[in-house]
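Asks: The chain contents come next:
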Amino acid sequence: MLRYAARRIAVAVPLLLLISMLVFALTRAAPGGPVEMYLANPNVRPEDIERLRVALGLDQPLLEQYLAWLRGFVTGQWGYSFVDGRPVTTRILERLPATLELMVSSLVVALAAAFPLGIIAALRQRGWFDRVSTVASFAGISLPVFWFGLVLQLVFAIGLGWLPSSGRSAFGAGGVADRLEHLLLPATVLATVHAAAWSRFLRSSMVTALREPFVTAARARGLTGRSVVAHALRTAVLPLTTVVMLDAAIMVSGAVVTESVFAWPGLGSLFTEALARRDYTVLMAFLMSTATAVVVLNLLADVAYRVVDPRVT
Amino acid sequence: MTGAHRIVGRMALVGLLAMAVLAVLAPILTPYVPDGIDLANRRAPPSLSHWFGTDELGRDVCTRVLFGARVSLAIGLLSAAVTAVVGFVIGSVSGYARGLLDGVLMRLTDTMLSVPRLPLLMILAAILDPTIPMLIVLVGLAGWMETARVVRAEVLSLRERSFVLAARACGARPPRIVGRHLLPNVLPAAMVATTLAVARGILLESTLSFFGVGVQPPTASWGNMLYQAQSTMSTEPWVAIFPGMMILLTVLAVNVLGDAATGAA
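Protein sequences appear in the order of chains A and B.
Sequential numbering from 2 applies to the first sequence in the numbering used here.
Sequential numbering from 913 applies to the second sequence in the numbering used here.
What the hints contain is simulated information worked out from the structure, not anything from laboratory work.
A virtual CB, placed ideally from N, CA and C, is assigned to each residue, including glycine.
You can take every hint at face value.
Over 10 Å on every C-beta distance to chain B, these chain A residues come out as not near it, computed from the model: (1) 2; (2) 25; (3) 51; (4) 76; (5) 86; (6) 93; (7) 110; (8) 113; (9) 164; (10) 178; (11) 208; (12) 224; (13) 241; (14) 243; (15) 310.
Derived, one-sided and incomplete: chain B residues facing chain A with beta-carbon distance under 10 Å: (16) 1027; (17) 1029; (18) 1038; (19) 1115; (20) 1118; (21) 1161.
Just the calculated beta-carbon pair ranges, DEER-fashion: (22) 1078(B) / 59(A): 52 to 62 Å; (23) 1131(B) / 278(A): 19 to 29 Å; (24) 91(A) / 926(B): 49 to 59 Å; (25) 101(A) / 1092(B): 50 to 60 Å; (26) 1087(B) / 235(A): 41 to 51 Å; (27) 10(A) / 997(B): 30 to 40 Å; (28) 58(A) / 1131(B): 31 to 41 Å; (29) 1092(B) / 15(A): 33 to 43 Å; (30) 1087(B) / 22(A): 24 to 34 Å.
Turn these sequences into a full structure, and let the hints guide you.
Replies: Written out as structure tokens, the structure reads:
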């Protein structure tokens, strides 16, 4: 087991290096490089731009720039924001709690919806519930996330006035109820696509599990209802855990959209703000840290799967 | 595959074809032009003369949705074609060559799958200011990984079959074996991945345009119509509802079709 974990980590390191090269190349692809923003500004003198280039190390050979950036990233020196000059790590860390709050709640909502949907659909295969939930889940994975957010705002915030349309809390207020009200719509939007996909996945792995001999054996021993479901669920849940972890990258993309629509002050809005101002240090840090998180989660999913199911080699 | 399954699959196909016909015939179907400003009829709710209402400049939303369909469908279909070509080449080379080349190509695939797709595309689109053909290539290059993995897995098992050995015994070189013998066998599985890529392509285009880095006005696409609708949504909900419905229905139809194709593959 330890050897397997070590081997997976050994594969993850070159993967992270490749990702870092991609991210670095991306920000150097801009015609004017990272100082592009200033080139178009007539109030910035050419000699100032030149000074900035030297200060940022942009006059160095590309390889050295890359190595310096990589060294900085690994040691936690993520540079300074082009926009407000504060350390990128500070800007990311102050946005992180909001994003984690949104993502964890969406995860909970998505799982809370996917489990009953998937299980009931598998038990009543081809019944009316199965058919309705199939249609609903297809609609769920086909929804344009931003539009779904706009429609929910339109109905529940503007139309009915039940929920706030954006933000993380009312100005000045900070009660738990207020926070939950603000969280409800964005968490639903971010959760929907995953609830749809995961319920479909759970349904099909439940259908397979229910046909396994050990479930028949359980039935033969006289078990019914809940206990049979519990038997089958134990095997059916295993592959789902992998799928949930592998969907981390999709959730990051979803968070960018959701946070922007609902003005949620997390990493996703930080990304869109940084993009609008071409704040390259922030953009690089965002891509690099989210991709690293995805790689680590995939690695954990692989190793965890081997721990729970030793048959896998 | 059940009967109901097949019927739903056919309905989806008919719906998509109808959508394509409407998009192609857009100029003769509507009395308006997509960027025809009519200041006397601004913000008009849906009516007989303007089925989907008009926007803040008095442009007919229905007309813009029809013309937007051309852009959105074209980007969805052509970007999926890009993913199919790149995915097939990388997947088949990887699966047929195995060894070091396979390792390198699969690490590249893992890399692209680890970086969140939408932020990556948004940065590229913001930097490059893409025209529509460039946008097609960008969206396609962000989505070949799934196809490559599917093709590689198929080729890995197919290359051990005796018909490949027979072809090799006849002196066929790897490009011929891959192109003539493996490609037709990989096609069904690759088709499913490509269908899903169409759905993803339409969603990505609309999302990029919604953020203002995709298709640029005045050209209408479903995504940039929603970008413009965002600020006026509370007073004129129809400018936001209809383009979004079109995205939902189209992507839904493509996904249903992909599901039916999985059953057939």
